[in-house]
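Please arrange chain B on chain A, whose structure you already have, making use of the hints.
Those sequence lines, one after another, are chains A and B. For what it's worth, the working numbering labels the leading residue of the first sequence as 1, then goes sequentially. For what it's worth, the working numbering labels the leading residue of the second sequence as 1, then goes sequentially.
Below, in silico cross-link-like pairs of lysine-lysine (BS3-like), each with a Cα-Cα straight-line distance of 27 Å or less: (1) A:Lys20 - B:Lys218; (2) A:Lys20 - A:Lys86; (3) B:Lys221 - A:Lys20; (4) A:Lys80 - A:Lys29; (5) B:Lys131 - B:Lys110; (6) B:Lys74 - B:Lys91.
Restraint-style ranges between C-beta atoms, simulated for each label pair: (7) B:Ser123 - A:Glu61: 49 to 55 Å; (8) B:Asn40 - A:Ser106: 55 to 61 Å; (9) B:Pro104 - A:Arg67: 37 to 43 Å; (10) A:Glu87 - B:Glu9: 45 to 51 Å; (11) A:Glu61 - B:Gly97: 50 to 56 Å; (12) A:Asp17 - B:Asn40: 33 to 39 Å; (13) B:Pro104 - A:Ser79: 52 to 58 Å.
Residues from chain B that keep clear of chain A, each with C-beta distances beyond 10 Å, as calculated: (14) Pro84; (15) Lys110; (16) Leu187.
It should be emphasised that the hints constitute simulated quantities derived from the structure, not laboratory data. It should be emphasised that the depicted structure is a prediction, and the values quoted were computed from it without experimental measurement. We put the beta carbon where it would ideally sit given N, CA and C, even for glycine.
These are the residues of each chain, in order.
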Amino acid sequence: MTMEFDNNLPIYIQIMDYIKREIVTGKMKAGDKILSVRELAAELQINPNTVQRTFQELEREGVVETRRGLGRYVTSEESKIMSIKKEMAGDLLERFINGMQELGFSSQDITAIVTEAVQSEERR
Amino acid sequence: MVDKILKFEGVSKSYRSKTALNNVSFGIEPGKIIGLLGTNGSGKSTLMKIAAGLIPASAGSASVLGVPVGLATKSAVSFMPDRPLTESWMKVRDAVGFYRDFYPDFDEEKARRMLDFMNLKESDRVSSLSKGMNERLQLTLALSRQAKLYLLDEPIGGVDPVARAKILDAIVEFYSEDSSLLISTHLVRDIERIFDEVIFIRDGEVVLQEEVEDLRLKHGKSVDDMFKEVFAE
Chain A
1 MTMEFDNNLP
11 IYIQIMDYIK
21 REIVTGKMKA
31 GDKILSVREL
41 AAELQINPNT
51 VQRTFQELER
61 EGVVETRRGL
71 GRYVTSEESK
81 IMSIKKEMAG
91 DLLERFINGM
101 QELGFSSQDI
111 TAIVTEAVQS
121 EERR
Chain B
1 MVDKILKFEG
11 VSKSYRSKTA
21 LNNVSFGIEP
31 GKIIGLLGTN
41 GSGKSTLMKI
51 AAGLIPASAG
61 SASVLGVPVG
71 LATKSAVSFM
81 PDRPLTESWM
91 KVRDAVGFYR
101 DFYPDFDEEK
111 ARRMLDFMNL
121 KESDRVSSLS
131 KGMNERLQLT
141 LALSRQAKLY
151 LLDEPIGGVD
161 PVARAKILDA
171 IVEFYSEDSS
181 LLISTHLVRD
191 IERIFDEVIF
201 IRDGEVVLQE
211 EVEDLRLKHG
221 KSVDDMFKEV
231 FAE
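Same shape as in the complex, but just chain A (with noise of 0.2 Å):
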């Protein structure tokens, strides 16, 4: 695995971001194991606290689960996964949408124009 950091961002987001992105692309499958703290830390070459608050972090957010002795799972609950990816396709479309506005487009506008964008990448 490698991952370019920005070292603008907290690297434990930046981790976090990158985790679920692989579940939500089905890198990572539901009821996989994670690697440990120890293991992600030498591999991503960073401090293994940061690790550690990824996880609790991502624990928090149900993305993943401890069972007692045997690791870190990914969650198995289906559900869970798609509402990351609800989430994630929610912070492309804010980012999307503000951009646009900043660009002086109308609410209709967009749709259109996103409308117009959808068909023409269907007919390619």
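Relative to the frame of chain A, chain B by itself:
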């Protein structure tokens, strides 16, 4: 309440008329990797040497696990100086033997694993090692002791990016989680990812101590950018 691994209270140090440290106070918790960041001549090495018990403070107190720094704390502290302690006649094997004989807490098995990781051969002559390989050897020797506090003075100074990456790998891989590491450097960008906290030291004074993730969150900046800002001339 767990004792701080290292604690400085109002520590000052003067060399004749020159003040190297002025009223420095900070504490280090167990299990942390701390970056001691400052430009050349800011007082990093002086601070390290006081913590290691190699030079006395002119004023204030320094303690390790609640015990004043001195003979009693030397067994808990492993210091990697910015100049090697090994002799030029030594082979890597002799350097390891020297440390083993000198420090009862030296873990020879760990040293072997680290040498292997670092691509160092026991038959290599210390004097024929490149600067980068020598840094790797010094780090191996320092981290192979079972200490509570490791003081690494400029472990990546003057080595190329490849050797730097290897040294960082080794630090993450081989440090034990109940101990703490204090690493001094002025090369912030390459190493900031492995820190829990950073302490900025300027003209002998601590100007900032903060958790790096909080710093990024609060300022939206890398430690490197903060460093450049604080130390801009």
